[in-house]
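A.B. asks: Residue strings, one per chain:
Protein chains: 2
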Amino acid sequence: MVAITKLNFSEFFASRRALVEDQLIEYLSNNDPPDLWESMRYSVLSGGKRLRALLCLAAAEAVGGDEARQKAIACACAIEFVHAFSLIHDDLPAMDNDDFRRGRPTNHKVYGEAMAILAGDALFALAMEVLVTHTPQAVEREALLAVTGELVKATGSHGMVGGQVSDMALTGRADMQIDRVDPAVLESMHRRKTGALIKFSLWSGAKLASADANQLSALGRFGEILGLAFQIADDLLDVTGEMETLGKTPGKDEASGKTTWVRVFGVEESRARLRQLHLEGRQALQSASLEQNSLSVLEALLDYAINRSN
Amino acid sequence: MVAITKLNFSEFFASRRALVEDQLIEYLSNNDPPDLWESMRYSVLSGGKRLRALLCLAAAEAVGGDEARQKAIACACAIEFVHAFSLIHDDLPAMDNDDFRRGRPTNHKVYGEAMAILAGDALFALAMEVLVTHTPQAVEREALLAVTGELVKATGSHGMVGGQVSDMALTGRADMQIDRVDPAVLESMHRRKTGALIKFSLWSGAKLASADANQLSALGRFGEILGLAFQIADDLLDVTGEMETLGKTPGKDEASGKTTWVRVFGVEESRARLRQLHLEGRQALQSASLEQNSLSVLEALLDYAINRSN
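These protein sequences, in sequence, are chains A and B. For the first sequence, numbering that gives the first Met the number 0 assigns the number 0 to the initial residue and increments by one for each residue that follows. For the second sequence, numbering that gives the first Met the number 0 assigns the number 0 to the initial residue and increments by one for each residue that follows.
There could be a bad hint or two in this list.
Copies of the same chain are indistinguishable here, so a pair counts whether it falls within one copy or spans any two.
Said to hold, decoys possible - Distance condition first, Cα-Cα at most 25 Å in a straight line; then the derived DMTMM-like pairs of lysine to aspartate or glutamate:
#1 K152 / E141
#2 K257 / E279
#3 K108 / D97
#4 K48 / E20
#5 K257 / D31
#6 K251 / E112
#7 K108 / E267
#8 K257 / E112
#9 K152 / D34
#10 K48 / D98
#11 K152 / D21
#12 K257 / D65
#13 K251 / E66
#14 K152 / E139
#15 K152 / E37
#16 K257 / E37
#17 K108 / D95
#18 K152 / D233
#19 K257 / E298
#20 K257 / D34
#21 K251 / E139
#22 K152 / D31
#23 K152 / E290
#24 K251 / D95
#25 K108 / E279
#26 K108 / D65
#27 K152 / E268
Keep in mind the hints are simulated off the structure, nothing from the lab.
Please model the entire structure based on the sequences and the hints provided.
C.D. replies: Rendered as structure tokens:
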């Protein structure tokens with residue numbers, strides 16, 4: 000596999016995505032009980048962008064080169080399992096009640112609500128199992144425990160799950176004047192719901208590659224900025240995107256009364272915020288003392304999060 | 000606190016239960032977001048028997064004395080969080096659709112389905128966070144990682160979640176002749192659904208207390224036997240118990256078409272199996288090379304699992 004220091008971006012993304020995909024398939028090659036695993040595979044192996052896994056690998060390789068890729072690949076897959084678990088539960092009728100995801104019926108539409116709830120639970124457990132038992136011995140045990148602790152924090156009440164609770168509280172509240180939503184409340188919700196896992200992706204890759212304190216802090220900060228930018232881009236896509244490229248119904252957030260960046264600030268102001276985050280992200284990276292090629296790969300991932308069309 | 004070697008059973012159970020209860024309250028003293036934590040507290044702090052936590056502490060103290068209690072208390076609480084998470088999800092309308100649990104309305108009846116799903120998810124995350132970040136440094140890091148890996152295995156597809164999937168498959172299948180359910184299938188379902196976490200409780204306590212291989216294997220085997228006995232006793236209680244002591248509607252399993260021990264083997268044969276497991280459990284304990292008082296405490300826990308009235 001070509002090193003991060005000697006490749007162009009598309010080659011990097013394609014090769015690392017293939018690596019992640021193969022590893023995900025391997026970790027999911029179980030059939031006991033058969034219908035549970037089928038349901039788990041259905042949601043994980045559905046052609047996701049694997050952005051979080053790529054961020055984890057890119058951070059690891061930026062800090063520790065080729066050798067670090069093997070140290071971080073189990074973690075990169077664990078992140079994708081946690082992400083899939085959160086999508087399955089968020090799509091449930093009791094939550095966002097979504098029928099489509101990435102252009103396909105959502106998990107509960109295919110396997111029923113009970114199996115969807117259990118597939119989500121099992122994917123969360125699998126994430127932890129893969130991280131703890133498949134991260135190679137070359138990673139210090141104390142570092143692996145720190146990464147494990149941060150992953151569950153990014154997942155639970157301090158992270159994704161807490162963010163979903165706040166999101167629900169902000170959704171469809173007819174008694175709430177939309178121009179009076181405190182931007183800080185909106186940002187805090189997004190920082191948990193999507194930001195925490197994206198920040199973790201970068202931080203964990205660096206940590207598993209034995210990054211120093213300065214690099215950890217710079218890449219963590221970069222992750223926070225990228226996570227927020229990713230969410231604003233997502234909200235913009237909901238109003239400007241098309242069904243075909245999105246794989247889900249555009250305008251869904253608006254119709255369901257979701258409190259999005261675009262609803263609170265409008266399209267122009269949201270775009271301006273994205274441009275500002277782009278600058279801040281590049282600055283955060285500069286302080287991480289990485290060599291030029293690694294820096295460029297991470298910048299390209301930031302560009303992608305901001306300018307993507309799906 | 001009186002040592003395990005110098006107390007009577009009721010004193011041991013009362014003091015350790017109080018210790019667990021205090022620690023659970025402390026770990027749950029968070030309010031962000033407030034409604035999520037309220038919902039989590041509602042299900043955990045509802046007067047459960049804390050059998051799993053007591054098994055973990057008893058195994059730890061039997062192997063390592065007073066000092067081992069501090070090594071295992073975070074794990075004991077983590078097990079209770081995982082247990083509460085599984086009860087919340089199993090009670091959901093899409094699953095067993097239970098309105099009452101321990102004499103109180105189930106989580107989703109009070110907080111709604113969405114919050115109940117998220118409270119379960121957050122409790123699973125909290126379990127892992129508490130185990131990984133609150134287990135003292137005196138525990139070897141490699142042992143803590145092994146315990147973490149086994150807890151998620153006992154929780155996911157190989158354990159609780161997989162068992163619930165099999166349970167659902169066996170439930171209410173009008174096309175299935177109840178006398179033709181393979182006893183091995185029934186036992187395998189229970190081994191996952193309730194057995195895996197109970198076995199883990201004993202094994203993890205011993206592991207955190209640096210048990211040798213012989214003790215680990217003997218206490219693991221004891222845990223398997225106790226877990227199975229606990230489930231058969233549970234099925235018997237469903238047909239012989241009363242609403243007041245059970246805290247739930249007796250006959251519920253029968254009415255919902257659950258495949259239970261009693262339905263498959265009848266009351267008498269189930270009782271005979273319990274007596275046999277009682278003997279096997281005592282034999283397994285004998286091989287663990289424990290001093291007499293610790294042995295007696297663990298035997299008393301087996302007696303309790305078999306002879307309890309709720």
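A.B. asks: Against each hint, give a clear statement of whether it holds in the structure.
C.D. replies: Structure-based check of all given hints:
1. K152 / E141: Both: 17 Å inside a chain and 21 Å across chains, each within 25 Å.
2. K257 / E279: Neither, since 27 Å and 58 Å both go past 25 Å.
3. K108 / D97: both (9 Å within a copy, 23 Å between copies)
4. K48 / E20: Only inside one copy: K48 and E20 sit 10 Å apart there, 44 Å across copies, limit 25 Å.
5. K257 / D31: between (38 Å within a copy, 21 Å between copies)
6. K251 / E112: both (21 Å within a copy, 22 Å between copies)
7. K108 / E267: neither (36 Å within a copy, 43 Å between copies)
8. K257 / E112: both (23 Å within a copy, 19 Å between copies)
9. K152 / D34: So K152 and D34 pass the 25 Å test across copies only (18 Å; inside, 30 Å).
10. K48 / D98: Within. Shortest intra-copy distance 20 Å satisfies the 25 Å Cα cut-off; inter-copy 41 Å does not.
11. K152 / D21: Classified as between: cross-chain Cα gap 22 Å, same-chain 27 Å, threshold 25 Å.
12. K257 / D65: neither (42 Å within a copy, 53 Å between copies)
13. K251 / E66: neither (43 Å within a copy, 56 Å between copies)
14. K152 / E139: both (20 Å within a copy, 22 Å between copies)
15. K152 / E37: Intra 28 Å, inter 18 Å, cutoff 25 Å: inter-copy only.
16. K257 / E37: Classified as between; 24 Å across copies, 31 Å inside a copy.
17. K108 / D95: For K108 and D95, both the intra-copy (13 Å) and inter-copy (19 Å) Cα distances are at most 25 Å.
18. K152 / D233: within (23 Å within a copy, 35 Å between copies)
19. K257 / E298: Intra 30 Å, inter 56 Å, cutoff 25 Å: neither.
20. K257 / D34: Only across copies: K257 and D34 sit 19 Å apart there, 33 Å inside one copy, limit 25 Å.
21. K251 / E139: neither (45 Å within a copy, 50 Å between copies)
22. K152 / D31: So K152 and D31 pass the 25 Å test across copies only (13 Å; inside, 29 Å).
23. K152 / E290: neither (31 Å within a copy, 40 Å between copies)
24. K251 / D95: within (10 Å within a copy, 32 Å between copies)
25. K108 / E279: Neither: 41 Å inside a copy, 46 Å across copies.
26. K108 / D65: neither (41 Å within a copy, 52 Å between copies)
27. K152 / E268: Neither way: K152 and E268 sit 31 Å apart in one copy and 47 Å across, limit 25 Å.
Against the hints set out earlier in the document, violations occur for numbers 2, 7, 12, 13, 19, 21, 23, 25, 26 and 27.
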